[in-house]
Amino acid sequence: MIGRALIHAPATAKRGDIMEIKTLVSHVMESGYRIGVTGQPIPRDIIEDFVCTYNGEEVFRAKLYPAIAANPFISFFTVATESGTLTFSWTDQHGATRVQTAAITVE
Amino acid sequence: MKRAAAAIAALLAAGSAIAGEIPLDQRHSDSDFISADTRAMQTDDSQNPAMLAVLDGETLWNTKAGETNKSCADCHGDAAVAMKGVAARYPSYAPELGRPVDLEQQINLSRATDQKAPPLPFESKELLALTAYIAHQSRGMPIAVEETAQTRPSIEAGRALFERRQGQLDLSCAQCHDDNWGKKLAGNPIPQAHPTGYPIYRLEWQEVGSLQRRLRGCMSAIRAEPYDYGAPEMVDLEIYLMWRARGMTVEAPAVRP
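Same order as they appear, the protein sequences are chains S and L.
First residue of the first sequence: 405, per the numbering used here; consecutive thereafter.
First residue of the second sequence: 16, per the numbering used here; consecutive thereafter.
One should not assume that every hint holds.
[Unchecked claim] Just a few of them, taken from the derived set where beta-carbon distance is under 7 Å, the chain S residues facing chain L:
| id | residue |
| --- | --- |
| 1 | Arg408 |
| 2 | His412 |
| 3 | Lys418 |
| 4 | Ser430 |
| 5 | Ala474 |
| 6 | Asn475 |
| 7 | Phe477 |
[Claimed, not checked] Computed spacing ranges between beta-carbons, pair by pair:
| id | chain 1 | residue 1 | chain 2 | residue 2 | range |
| --- | --- | --- | --- | --- | --- |
| 8 | L | Arg179 | S | Gly407 | 36 to 42 Å |
| 9 | S | Glu511 | L | Glu82 | 52 to 58 Å |
| 10 | L | Asp47 | S | Lys426 | 24 to 30 Å |
| 11 | S | Arg408 | L | Ser125 | 20 to 26 Å |
| 12 | S | Ser435 | L | Leu184 | 28 to 34 Å |
| 13 | S | Lys426 | L | Pro157 | 28 to 34 Å |
| 14 | S | Ser435 | L | Ala109 | 39 to 45 Å |
| 15 | L | Ala88 | S | Lys426 | 25 to 31 Å |
[To be verified] Distance condition first, Cα-Cα at most 16 Å in a straight line; then the derived EDC-like pairs of lysine to aspartate or glutamate:
| id | chain 1 | residue 1 | chain 2 | residue 2 |
| --- | --- | --- | --- | --- |
| 16 | S | Lys426 | L | Asp60 |
| 17 | L | Lys79 | L | Asp89 |
| 18 | L | Lys79 | L | Glu141 |
| 19 | L | Lys85 | L | Asp129 |
| 20 | L | Lys198 | L | Asp47 |
| 21 | S | Lys426 | L | Asp59 |
These are computed hints drawn from the structure, not numbers from a lab.
Keep in mind the model is a prediction, meaning the values are calculated, not measured.
Backbone N, C-alpha and C fix where the C-beta goes; we use that ideal spot for every residue, glycine too.
When you get a sec, could you build the whole thing from the sequences and use the hints?
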């Protein structure tokens, strides 16, 4: 299950500014290679895709793999073009998606 | 296992005389022994994974529970005010039990008496989240566990435990953390073991965990039988360690390797 997410993105920016956006999401990222206390393998459970769109336009995408640690932290840069909404979505291997948004005002 | 034992024996032999308790002005937070990357992860709230637990804790603080259908906030109000400095004083004497309790146990005491709710299990996500949220309110404040007539027996018992050799490796906590801190054990620096940042996010665990979990890990490592969660001996050790770290800055929730 994808837990809560923490987004750090500027609320306001000047047009043309390069903005750093940081995201942290709660997830076990179970690799599927570990053995549980009963001796049975712990099934793989990971987030596979992360996408950020800026007013509908995709500005960043990442594919995640089993070697990525729990609670993935992803940071990236994008250029402030217009006021609107940054939409972040994480999708796990079962197809469940968590979406979070951040509003931005560009002057 | 044999090699580890030999390494520890060699380390202790090299450690010459018993150094004893660390002078107050020579104490270092465990943050001084971790990598710059891990430290950056701890200090930047947007990177610190324990902040996810703090947020969960905030939700729980405001969630009604138990037969009385009250939330923590219904009695205590704003945690930023009511809980400021509280974690820095724990473990603290609980008159109803006649002995000190740690923060986790105090939360469960409050659940039992005020909310009439069942206790949250040790190391459950909920208990860790609430503890992390409350501890976060004391960030930057000095640890203020008091030595009083009521807490002294527990502090003394904790000190005795800390200094007592135990387990198949026949080691005491003090032999590493008082006498040989700053040196390496199996490639890792030995910290002074000041519990300034609990609950911590430990990279090895990939999750948030309590001081008791950490202490149990150390006990297993010296091949001793760990005390159960909530055992009085655990609280004795916790209160001694917090008293030993008195005046140091609360860093909760900290990140450790």
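Structure-inconsistent hints, enumerated in ascending order:
3
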